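Residue numbers (the numbering used here), protein chains in the order written: chain E, 37 to 312; chain Z, 376 to 736.
Since the hints were made in silico from the structure, they are not lab data.
Among these hints, one or two may not hold up.
Residues from chain Z that keep clear of chain E, each with C-beta distances beyond 10 angstroms, as calculated [as the list claims (entries may be wrong)]:
1. R449
2. A546
3. A594
4. G615
5. A681
Which stretches of chain E does chain Z cover? Using the computed rule of at least three CB atoms under 8 angstroms from a CB of chain Z, they are [as the list claims (entries may be wrong)]:
6. 57-67
7. 215-228
Model, not experiment: these values are computed from the prediction.
We put the CB at the ideal spot given by N, CA and C, even for glycine.
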Amino acid sequence: MRLFFSGIRKLYRRPATFVTFGLLVGLIVLILILAGATASRTVGTGSASGQSSRAAIKDLLTFPGAYDRMLSVVVSIGGLFGMIYGAAIAGSEWSWGTLKSAVARGESRVRYMLLSYASIGLMIAIGIVVVFVIADVAAVASASLAGISTSGLSDTSTLSDLPERLLKGWVAVMEETALGFAIATLARSQLAGIGAGIAFYFGEGFASLLLPDIVKFMPFSVASAAVSTGSGSGLGGGASATASLPADQALVMVFVWLIGCLVVVSLFSDRAEITG
Amino acid sequence: MIGTGGVRMGGAGVSATSGAGGASGTDDLALATRGLRKSYGPRRALDGLDLSVPAGVVYGFLGPNGAGKTTTMRVLTGLIHADGGTVEVLGKPFRRGDRHRLFEVGALIESPTFYPYLSARANLRELAASGAPVPSKRIEELLDLVGLCDRANDKVQNYSMGMKQRLGIAAALLSDPKLLLLDEPANGLDPAGIVAMRDTLKTLASQGKTVFVSSHLLAEVQVMADVVGIIAAGKLVREGPLKELLSMQGVIKVRVRPNLVDGAIAALAPLAKAERLTETDRDEGWLSVHLGTNRAEEVNQKLAGAGIYASGLESGTDLEMLFLELTGGQGPSSSEGEFVGLGSPNGAQNGGAPAGKGTAA
Ligand SMILES: Nc1ncnc2c1ncn2[C@@H]1O[C@H](COP(=O)(O)OP(=O)(O)OP(=O)(O)O)[C@@H](O)[C@H]1O
Ligand SMILES: [Mg+2]
């Protein structure tokens, strides 16, 4: 427990935490406001492309469906940020040598790394809820900008499903975070971890065009499939797979990846020679 | 940095040292390694290292660059695992999985490591969350001990090298360890810091703690260590109480007229074998005789008997010389013939040291 709370304190004081959070919020709000502005500008135009993009934006911003859309946005963009964040935290333990100090004090390497991941989990849980709320507020603002009705905002059945949806979203982001965490542990470096993670993210998005049947099992695809409700497209980087797994199957794959990554982290940390 | 200036209470347990290669009797040792081997890929770093560190002493762990000091420290703290051999820490075996033994050990290995974005105080606090529990007032005591109280809330990324080193020493002392492993702790410390650290380490040893410290500052080790171990190429080459080692390693320096150097060598030949007789600086007429320092009079007498009168005579013992001799004294130019290189005697008592040129530095 000491280590877990220490992990939280370390993350709370860490500039990267707030930089990541700020960038994520900024990006999502920017996208939504731009969407609203685009839709409001295309209102009067009669062109076909203007009409279809307005329809897509209307689909994105109309509640209660917009709740799901916002969650998809948070999970897909948040997943990328989570992965970078995980890589930064795990990588710095190696490159700063702080893991070395703990191990020399008799701390268990596996416990240390896993509890550090667990404290990231708490920060991300808070982050997801806050970002989701901000995204919804931005969507409402954007919808009114575009003249889209927000009457579905208080749809009770959607609202009562939200906690479970958010929980799934958190698990999905945690899986992507675990991936960054594992890559950075293997690379023993934050930069290498972040770089490899980003390459993975875009590589997966690109590969989905060529090998959709394989890519649908890959970490980012399963993460977005696990939170999707089947309708709509959302905004997905690596997640824009054409073929995707059904949500419950995807959730199982999310757990497989998450646990797999943590096993890799544990095995590697346990065996690694710490010579930094 | 306060020195706590405690008085040493003699080298308790010093006599317990076994010589190099003494295979048994690790009972009253704070730290013992037997046949320790470690390779990094094809490169062998430790090659059957036997160390015997008695409890309650300051142990100077010496060796040239790349001799395996840091590697040894890493093995002792479980950062890497030996390929072979055994380690005993505080009287009990230390193997893979015995990490709890380290709860009684404090270490500073190679360079101190911290979260740059946290303050010194926060770094110690978070480090204390790992390993053995630490009372929070201990952190304040240590910040005071290493003289960082005033700057304890500053981020470590803004620290100078010596300040980081001080904080690293504080971190090593966090759990009030019975065994302290310090890898070149004087790195970057200012002179006052070095003196204070020396006092602190001696005080710890006088309290029964064991301090295992590697250093290249031989003069520092000479005044601080009770026992030294010298390694080269991953093997122990000499180990024992410092006084004993040095008494066998006396040196008497004589200055004669330069044209009489050969005569002086001939006159002193009965006292010391050729390899114990060193011509340090022919132009200045300095000679060194490796002899117990109590035999300085005899040297003088022999010279006088041959009609050569010394214009200078110094005697002293020097760890540096012992070190260079045992480790092959890889100085810039080891001298020719049977004359061995001689380090400049900055550890010796007498001032006015000869110019010791053309010798290992
Ligand atoms: N991480 C590593 N990978 C490969 N070889 C290494 C590694 N660390 C040390 N070595 C090699 O092991 C040998 C011993 O190195 P070590 O760092 O233990 O020496 P040292 O006695 O601490 O030297 P110094 O006085 O320079 O600190 C050297 O030959 C070094 O090149
Ligand atoms: Mg070293």
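Hint by hint, here is what the structure shows:
1. R449: violated (7 angstroms)
2. A546: For A546 of chain Z, whose nearest Cβ neighbour in chain E is about 7 angstroms away, the distance does not exceed 10 angstroms, so it is violated.
3. A594: holds (28 angstroms)
4. G615: holds (28 angstroms)
5. A681: holds (58 angstroms)
6. 57-67: Violated, because only 0 residues of the region 57-67 of chain E bring their Cβ atoms closer than 8 angstroms to Cβ atoms of chain Z.
7. 215-228: With 0 residues close enough to chain Z, the hint is violated.
When the structure is compared with the earlier hints, violations turn up for hints 1, 2, 6, 7 and for no others.
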